[in-house]
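**Q** What follows is each chain in one-letter form.
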Amino acid sequence: KQEVTQIPAALSVPEGENLVLNCSFTDSAIYNLQWFRQDPGKGLTSLLLIQSSQREQTSGRLNASLDKSSGRSTLYIAASQPGDSATYLCAVTGTDKLIFGTGTRLQVFP
Amino acid sequence: DAGITQSPRHKVTETGTPVTLRCHQTENHRYMYWYRQDPGHGLRLIHYSYGVKDTDKGEVSDGYSVSRSKTEDFLLTLESATSSQTSVYFCAIRLDRGKTQYFGPGTRLLVL
Chain V
119 KQEVTQIPAA LSVPEGENLV LNCSFTDSAI YNLQWFRQDP GKGLTSLLLI
169 QSSQREQTSG RLNASLDKSS GRSTLYIAAS QPGDSATYLC AVTGTDKLIF
219 GTGTRLQVFP
Chain U
4 DAGITQSPRH KVTETGTPVT LRCHQTENHR YMYWYRQDPG HGLRLIHYSY
54 GVKDTDKGEV SDGYSVSRSK TEDFLLTLES ATSSQTSVYF CAIRLDRGKT
104 QYFGPGTRLL VL
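Residue numbers (the working numbering), protein chains in the order written: chain V, 119 to 228; chain U, 4 to 115.
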C-alpha cells in the first residue's frame, strides 16, 4: 500500500529565505507526482505536475524535483514571500487514484 | 477554477437524513473524484468515477454512494447522515491519469 509522508509538518521562516519541502513515498511504481497549495478554508490549487519520466519541473519561483528510485520529491521555493504562506501537499498517482501526503504548513513572516 | 462547481457550498443537516452533494464540470474530463478532508487525516478518497456509470470505491466509502449518469455531473449521497460525516467535501476532476488533477471549492457539511 502506497504511503506518502511530508516533512516537516510545519515550517516558519522569515521573508526572503529559500526553502525546501520534502515528500517521500513508499512505492516507486508511480505514474506522476503533483504538488498542491491549499489556503485556509479554500480548495487545492495545483502547482506542479512531474511525470515519472521527468526529473524536475519549474514554475516561477517554484522548482519540484523527483527521484523515483529513492521515493523522494522536493519542492524548492526561492525568495519566499508572506503570500506563500499556505499548506503544501504532495500526491502520487499509482493507477487511477492520487494518494496524498498530510501536508506541510508554511508560514512566511515579514 | 478549471470549470468545477460544487453545490451546496454549505449545509447543516440532522443525523439520519439523506444528503446529496453535487459536483459539476464543464471540462469534459473523464475522471471525477470525491474526497473528504478532516483535521489529522488529510485528504481521503471516498469514491471516484472513470466514466459515465463507471465508479469505484476509495479508502473511506462506507456510508456513501455515488452516481454519474452524465459526464459533467458526479453526485455523492449520504444515505443516512451521521455526525462522523461532518467534514469538508472536495470534488476533483482529471482528464486522464497522466494529467493534472483540479479541485472544486469544497462543501462544508455539518451533521447535528
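Since the hints were made in silico from the structure, they are not lab data. Keep in mind that a hint or two might mislead.
To be verified - Think about it this way: if two alpha-carbon atoms lie no more than 30 Å apart in a straight line, the pair counts; the simulated DSSO-like pairs of lysine-lysine are:
no., chain 1, residue 1, chain 2, residue 2
1, U, K14, V, K186
2, U, K102, U, K73
3, U, K102, U, K60
4, V, K119, U, K14
5, V, K186, U, K60
6, V, K186, U, K56
7, U, K14, U, K56
**Q** If a hint holds in the structure, say so; if it doesn't, say that too.
**A** The hints, checked one at a time:
{"no.": "1", "hint": "U:K14 x V:K186", "in the structure": "violated (42 Å)"}
{"no.": "2", "hint": "U:K102 x U:K73", "in the structure": "holds (21 Å)"}
{"no.": "3", "hint": "U:K102 x U:K60", "in the structure": "holds (21 Å)"}
{"no.": "4", "hint": "V:K119 x U:K14", "in the structure": "violated (34 Å)"}
{"no.": "5", "hint": "V:K186 x U:K60", "in the structure": "holds (27 Å)"}
{"no.": "6", "hint": "V:K186 x U:K56", "in the structure": "violated (34 Å)"}
{"no.": "7", "hint": "U:K14 x U:K56", "in the structure": "holds (27 Å)"}
The earlier numbered hints that this structure contradicts are 1, 4 and 6.
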